[in-house]
Amino acid sequence: MKNAHAREVAVAAAIGALGLVLAIVAPGYFSAENLRDLFLANLPVLLVAIGMTLVIVAGEIDISVGSVFAICAVVAGVLAKAGMPVWLASAAACLLGALFGSINGALVAYAGIPSIVVTLATMVALRDGLRWTTEGAWVQDLPRTFQWLGLTQAEYPFVAASLTAVLTIAFAWGLRHVAAGRAIYATGSNPDAARLAGLDTAAVKCAVFAIVGTLTGLAAVLNAVRFNQIPSNAGIGLEMKVIAAVVVGGASVAGGRGGVPGTVLGVILLAAIGPALTFLGISAHWERAIQGAIILVAIAAEGIRVSVGGRALVHAKTAQT
Amino acid sequence: MAFAGVAALSSCRLPPALLSASSITKSFEGVSALRHVSFELQAGEVHAIVGENGAGKSTLIKIMTGAERPDAGRLTVAGRDVPHMTPALARGLGIAVIYQQPSLFPDLSVAENVALTLETGGIWRRVRWSERRRHARALLEEVGSTVDPARLAGSLSMPEQQLVEIAKAVGADAKVVIMDEPTASLMDDEVERLFAVIRLLRAQGCGIIYISHRLEEVLAMSDRITVLRDGETIATHGKETLDRPALIQAMVGRTLKETKPRTSVATGDVALELRHLSNRELGLSDVSISVHRGEVLGLAGLVGSGRTELAETLFGLVPSDGGEVLVRGVPVRIGSPLEAIQLGIGYVPEDRRRHGVMLEMSIAENTSLANLGAVSSRGLIDRAAERRLAERHVERLRIKAPSVSTDVGALSGGNQQKVALARWLSIEPGILILDEPTQGVDVGAKAEIHALIHELAERGLAIVMISSDLPEVLSMSDRIAVMHAGTVSGVLDRSEATQDRIMALALERAAATSPTPPASGLGASGSRR
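Chains as they are written, first to last, in this note's numbering: chain C, 1 to 321; chain H, 1 to 529.
Note that these hints are calculated values from the structure, not bench results.
Computed from a prediction, not measured in an experiment: that's the story for all the values here.
Glycine included, each C-beta is placed from N, C-alpha and C at the ideal position.
Possibly wrong hints are sitting among the right ones.
[Unchecked claim] Here are some chain C residues pointing at chain H (derived, C-beta under 10 Å):
| hint | residue |
| --- | --- |
| 1 | G136 |
| 2 | A137 |
| 3 | H177 |
| 4 | G181 |
| 5 | R182 |
| 6 | A186 |
| 7 | S189 |
Using the sequences and the hints, build the whole thing.
The following block contains the structure:
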């Protein structure tokens, strides 16, 4: 527990240091307009990252979120164009995300296929399915009510932020205080022992994939309403951004460790760095490289922690019967 | 030069020890693990190291094999100073370690496993498969194993894997063989075979460092015994000067009451009855036993005879496919662990790290896991109630930990086992299945766990205790069911049970004593025909 907080403090310190440098070198970074753009662009990332936190804590991974994100956005747009009320189109996008997530989850939990394989397959299949169906065309001529969810441009940030905040707090609190949250940690920590303790680990795994799918659907809508057209190649690279934020926030890719507060900080740190480069006069092409370096540092810190703790988490597979 | 001269002078009286560690001191993050520990191994001797868990045995082994660097002290191999031991150097100097859990690569063949550590040369060298297999077979024969080198290591039984490990050590021309709890999961005849190999190695002039919690074995096999306690060398004795009570006293630093055999045989109602239970998938057929309230039923048998499989069937991990299970006289079907828990069945599995406890989770979280309903209301966990539940069990089981929010990964083996037990006691079970409850725990914790099992039985629990430790089975059980090839080959009353009779049933030499119907031709029962 102490270690988990250490990570959160470290990431918060990194954010603080970055903010300090920016405040001195490029105070323009903190203009209301820039912060607002940054904030709105990253609310969807945070939602997906929260879902991904559950998946990673359960000891699995989902790299299909980018493709699900694109499909849900396109479907929401098409439905809205066909005259469906925007809230119903949004709900449909969430449901579709939940469906894709459940398919991933069922294949992982009940067919026993490793999640990296399942979601790699669905990532490619969904992306190419979408490309084939839309023939690469963007969804344009969206009804006026779709933009900003039919709200004014001033109202929307408040609504979107409130919704995200409520969901963030609910998941952060639920993971720690609801029995189902405990089941996710137990499943990721030691699936065999969790099963012996009477937990339905297959249902847990299926559920976390369904949740990340639903949140991805919601995120896709919140992202799509900011523009007047929906690209069919939305969400490319989203999975990496999200997984990076979760890992930087202290979740262990081996499962059993991690939490929403760390993920929130991870999202903030990685989101802040990209535009900061522009303000600091560094080529934007360095963004990915720097994000990669931060992830490496985070994972290396995890490795050092594990070896200092002296825990042999990897056991030799033996034929003990 | 001057140094070498001194070393040569000091070693001219006696042949230099194969391996000697003098005044080794080591601490981890300020916690002292070893204080001025000295140890010496001569050629042709079996030198046992005994001590409670946490006494520093593992740390000492790690230092002698280069896995850890000592803070102070001196390590010499065959009279030569080795100031910077590394694992590779240790191997080069002929030091081999055989761990409790063999560390073979399960998906490689036996021959490949042997070759991996023995063959030298560049990584682009040509692999001569027939040569590899021949070499592996020769080494295996030397240690008395008939395993086919082409088999996958993962398909071998535990004793077979151990022999492969020993063959590797022989092949590497090891002068020092360190064995860490080699008999923990072996039955008596397998232990005897292992001892034959140890004697062979000793006769060839190897030095063997033997670490075990089984004191009978230590006393039977060792030429000298070094006792560690709280990171210090207490004494090194020739085995003639020590008997079992003295050894235990040296280990724990106090006289310890050993487990008293049970005297009262309770005869409550039947809590659990199995009638002709079978499980094709796990190779069980026609298992019929019953356990009464307040009774400890020992479940003996060789590794692979179906004891753990029976526990897994009873607990719903792999549901049975034939026969009947009656809980308190009522026929039930147990299709999942949850259903077993709801029927009041608890199961403490064999390998606590793999199946028992969550190392990253706290004692409190581990304790409440099978009984989250009791510490939560409407799906919300009441952390205060959870702490109280855990504290109650920590106290009752005498778990040594700073607090109930300590991660289980930070506890010793015996305390981890107690946490696994706490989880199941917290559901207030009527039937408790214990699989090797004292494997790898020290004598002190072992006696405590034994006392606890008796206390639970006296309070009316029906206990099924699987154990490979025959003295434990004999002293703890009211009745003993012996398994062989997936079925029960006999049930003995405590009055008639002896080690010999149990072994005979385990090997089914005395099949006549148990009128079992002919095997139904399923699973592992083929060998009975």
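Hints and how they fare:
no.: 1; hint: G136; in the structure: violated, 44 Å
no.: 2; hint: A137; in the structure: violated, 46 Å
no.: 3; hint: H177; in the structure: holds, 5 Å
no.: 4; hint: G181; in the structure: holds, 8 Å
no.: 5; hint: R182; in the structure: holds, 6 Å
no.: 6; hint: A186; in the structure: holds, 6 Å
no.: 7; hint: S189; in the structure: holds, 4 Å
Hint compliance for this structure: hints 1 and 2 are broken, all remaining hints hold.
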